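Peer 1: Sequence:
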Amino acid sequence: LSGTMMTEAIELTNYGTTDATVPLSISFASDFRDMFEVRGLKREVRGTLVPPRVEDGEVRLEYIGRDKVARRVRIEFSPPPNKLFADRADYSVELPAQACVSRYLTVTIEVEPLPGAAPDTPSAGIFQPAHCLADDKELRVGRAAVRAALVDSHIVMRERRRVTARVRSSNPLFNAWINRSIADLGLLTTDLPTGPYPYAGIPWFSTPFGRDAIFTSLQTLWLTPALARGVLRFLAAHQARETSAFRDSAPGKIMHEMRKSEMAATGEVPFALYYGGVDSTPLFVVLAGAYAERTGDTALIDELWPALERAAAWVADVCDRNPHGLLDYRRESEGGLANQGWKDSHDSVFHADGHFPDGPIALVEVQAYASSAFDTMARFAAQRGLAEDSARYAARAAKIRQCVEEKYWMEEAVFYGIALDGHGELCRVLASNAGHLLAFGLPEYERGRAVAGVLESALFHTGWGVRTLAAGQARFNPMAYHNGSVWPHDNAICARGLARYGRKEAAVRLLQALFEAAVTFDMRLPELFCGFPRRRGEPPTAYPVACLPQAWAAGSPFMMLEACLGVSIDAARNEVRVEQPILPEGIDWIEIRDLRVGKAAVTLTFRRVDGKVVASADRSDVKVVALL
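Numbering of the sequence shown is given in my numbering, commencing with residue 1 and proceeding in unit increments.
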């Protein structure tokens with residue numbers, strides 16, 4: 001794949017001792033269904049499907065959408081087939097003994113707005129990454145085209161690896177998992193004009209999402225800050241400037257997702273540029289703060305400052321309208337998402353007896369994001385000499401933390417409830433959302449430790465990871481999308497929280513569990529898998545329609561590894577801190593090579609010695625500090 005072009009080689013090998021003539025037929029068709037149709041939405045009216053045709057030795061497929069945009073597929077062949085039809089290419093292949101013969105085809109996607117199309121129709125264009133192949137007829141189809149596409153892809157991947165610290169260990173299987181995860185992140189990342197951006201997942205979410213990209217950037221920030229930079233600039237460029245109930249937008253909000261599909265362009269769904277996520281906006285601020293600490297890149301923060309102020313103003317405005325000063329959400333239109341946290345399925349938030357709450361809903365983990373965002377703005381404002389603004393932001397953060405401790409804590413469960421409903425009633429449900437509180441440092445220390453203990457218990461931990469919902473809750477189902485399944489990114493955030501509250505042994509057990517799960521999934525963790533308890537000799541149960549690969553699943557091992565190794569980076573001090581590192585079982589050493597801090601780089605090695613893990617560093621201009 002290269003931009004809008006797919007090249008394919010079909011090889012036929014004759015292992016026999018005599019020549020052979022082999023028939024080969026390649027069939028093709030397209031119904032040009034919108035992704036939302038594939039996902040199950042029914043349409044009363046569709047566009048016009050043009051009959052397929054053969055022109056100049058090529059097959060042309062075409063669809064004229066209701067958005068007045070023509071979508072075309074052009075299929076070319078090398079060598080030309082013996083017979084070519086509108087739905088099939090027939091070859092009679094002469095295959096000498098002990099020989100290999102290839103046939104090639106190229107599939108090119110074209111999108112063209114027709115007269116009458118709105119000039120800003122979101123579906124009227126395709127972004128062509130800078131590294132794509134030139135439109136050279138000699139390179140369009142055949143052996144040279146395939147080789148050029150491979151070289152093109154390798155160059156792009158090599159450049160991405162060049163700016164990423166390399167992770168290597170004593171365990172070949174662990175290395176394979178790490179390498180596959182890096183490759184998948186590269187596969188999902190597109191070079192947009194604002195910089196690299198990880199699309200959420202294949203096949204359902206191969207498009208920019210806000211929350212997913214932010215968490216993926218946080219997962220990989222310590223190894224490659226370039227991804228976070230691209231994400232921040234893209235999200236700032238698409239920040240909401242107006243209020244729209246249909247798109248759940250308001251000035252300052254950060255987008256939830258962007259689609260260039262026909263149904264998005266016609267307004268059949270609101271997702272052309274949709275803002276129905278309550279957490280993307282505070283997380284945008286959090287990522288900016290983490291990026292600044294990691295890189296010292298004050299120039300980017302200066303560039304983003306107006307967007308950061310608008311984002312903080314939106315969060316503050318919503319909090320001011322909540323009777324408890326919390327960040328909440330309510331769907332503004334029927335076509336939008338009913339639930340607007342990361343668990344955005346319709347049944348993911350409920351009361352202890354299973355009934356759904358009235359809105360607006362204040363999710364517990366969102367309060368951690370909001371308080372962290374205000375703390376970040378307080379720090380930024382202080383650095384810019386805005387003392388009054390800094391104090392105001394800090395006071396807002398403290399108020400949210402206090403309210404969470406007062407309103408969400410369930411003493412009988414030693415855990416935090418999942419949400420407050422619109423009546424101020426707590427949804428007394430044990431869900432993994434509380435693990436996010438730990439990752440962002442909101443709870444009092446002893447309460448955080450207590451939550452960690454519950455997350456480690458069999459209520460949550462399946463042996464393959466932590467479930468999204470504790471066993472025994474009203475809507476618990478280990479096969480449900482959000483109500484009992486295991487999500488790798490959720491586990492990575494929980495592992496970060498466990499380590500933050502002194503439970504590194506539990507964090508490394510989570511890393512170990514997901515590593516062992518990855519082995520059963522060919523080293524590629526899916527978006528999620530089912531939350532059945534682990535049984536000897538049985539792999540985890542796959543969730544049938546999970547994205548594979550998924551960006552924040554691929555990024556999960558890196559956040560977990562960062563937490564277990566206790567690595568933190570302060571670019572302003574030119575310093576890497578290492579605090580009480582721990583290694584998974586079966587791994588004797590891990591090396592982090594070329595970890596860049598400012599203009600310098602350092603290589604860290606963590607080695608098991610006499611039952612303890614000892615960190616060492618090569619000679620470098622970067623200061624490495626061991627914290628006991």
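Don't read these hints as lab results, they were simulated from the structure.
Mixed in with the good hints, there may be bad ones.
Unchecked claim - Below are the DSSO-like pairs computed for lysine-lysine, each with C-alpha atoms no more than 27 Å apart in a straight line:
1) K504 - K623
2) K612 - K504
3) K599 - K612
4) K612 - K399
5) K68 - K83
6) K68 - K42
7) K399 - K42
Claimed, not checked - Quick list of simulated restraints, FRET-style, between CB atoms:
8) V22 - A471: 52 to 58 Å
9) A458 - L1: 54 to 60 Å
10) F85 - T21: 19 to 25 Å
11) V545 - V101: 55 to 61 Å
12) I202 - S457: 30 to 36 Å
13) L24 - L114: 21 to 27 Å
14) C100 - D56: 26 to 32 Å
15) S27 - E538: 55 to 61 Å
16) R161 - L24: 35 to 41 Å
17) N477 - E11: 43 to 49 Å
18) R619 - D570: 15 to 21 Å
Just so it is clear, the structure is predicted and the values come from calculations on it, not from any experiment.
C-beta: ideal position from N, C-alpha, C; glycine also.
Peer 1: Run every hint past the structure and note whether it holds.
Peer 2: Taking the hints in turn, this is what the structure says about them:
Taking the CA atoms of K504 and K623, the gap is about 24 Å. The hint holds against a cut of 27 Å. For the proposed pair K612 and K504, the alpha carbon gap of about 13 Å is at most 27 Å, so the pair holds. Pair hint K599 plus K612 does not hold up; C-alpha atoms about 32 Å apart against a cutoff of 27 Å. At most 27 Å may separate the alpha-carbon atoms for a hinted pair to count; K612 and K399 exceed this at roughly 41 Å.
For the hint pairing K68 with K83, the CA-to-CA distance comes to about 34 Å; that exceeds 27 Å, so the pair is violated. As the CA atoms of K68 and K42 are separated by approximately 20 Å, the hinted pair is consistent with the 27 Å bound. Restraint check for K399 and K42: not satisfied, since their Cα atoms lie roughly 46 Å apart, outside the 27 Å limit. With their beta carbons about 56 Å apart, V22 and A471 fall inside the hinted range of 52 to 58 Å.
Checked against the hint of 54 to 60 Å, the pair A458 and L1 fails, with Cβ atoms roughly 44 Å apart. F85 and T21 have their C-beta atoms about 20 Å apart, which keeps the hinted 19 to 25 Å range intact. At about 38 Å, the CB distance of V545 to V101 disagrees with the hint of 55 to 61 Å. A C-beta distance of roughly 34 Å is found between I202 and S457, which places it inside the suggested range of 30 to 36 Å.
Checked against the hint of 21 to 27 Å, the pair L24 and L114 fails, with Cβ atoms roughly 37 Å apart. Between C100 and D56 the beta carbon distance is about 29 Å. The supplied range of 26 to 32 Å therefore holds. Judged by the Cβ atoms, the range 55 to 61 Å given for S27 and E538 is violated: they are separated by roughly 38 Å. Checked against the given bound of 35 to 41 Å, the beta carbons of R161 and L24, roughly 37 Å apart, stay inside it.
In this structure the supplied range 43 to 49 Å holds for N477 paired with E11, their Cβ-Cβ distance being about 45 Å. The beta-carbon spacing between R619 and D570, approximately 20 Å, falls within the hinted interval of 15 to 21 Å.
The earlier numbered hints that this structure contradicts are 3, 4, 5, 7, 9, 11, 13 and 15.
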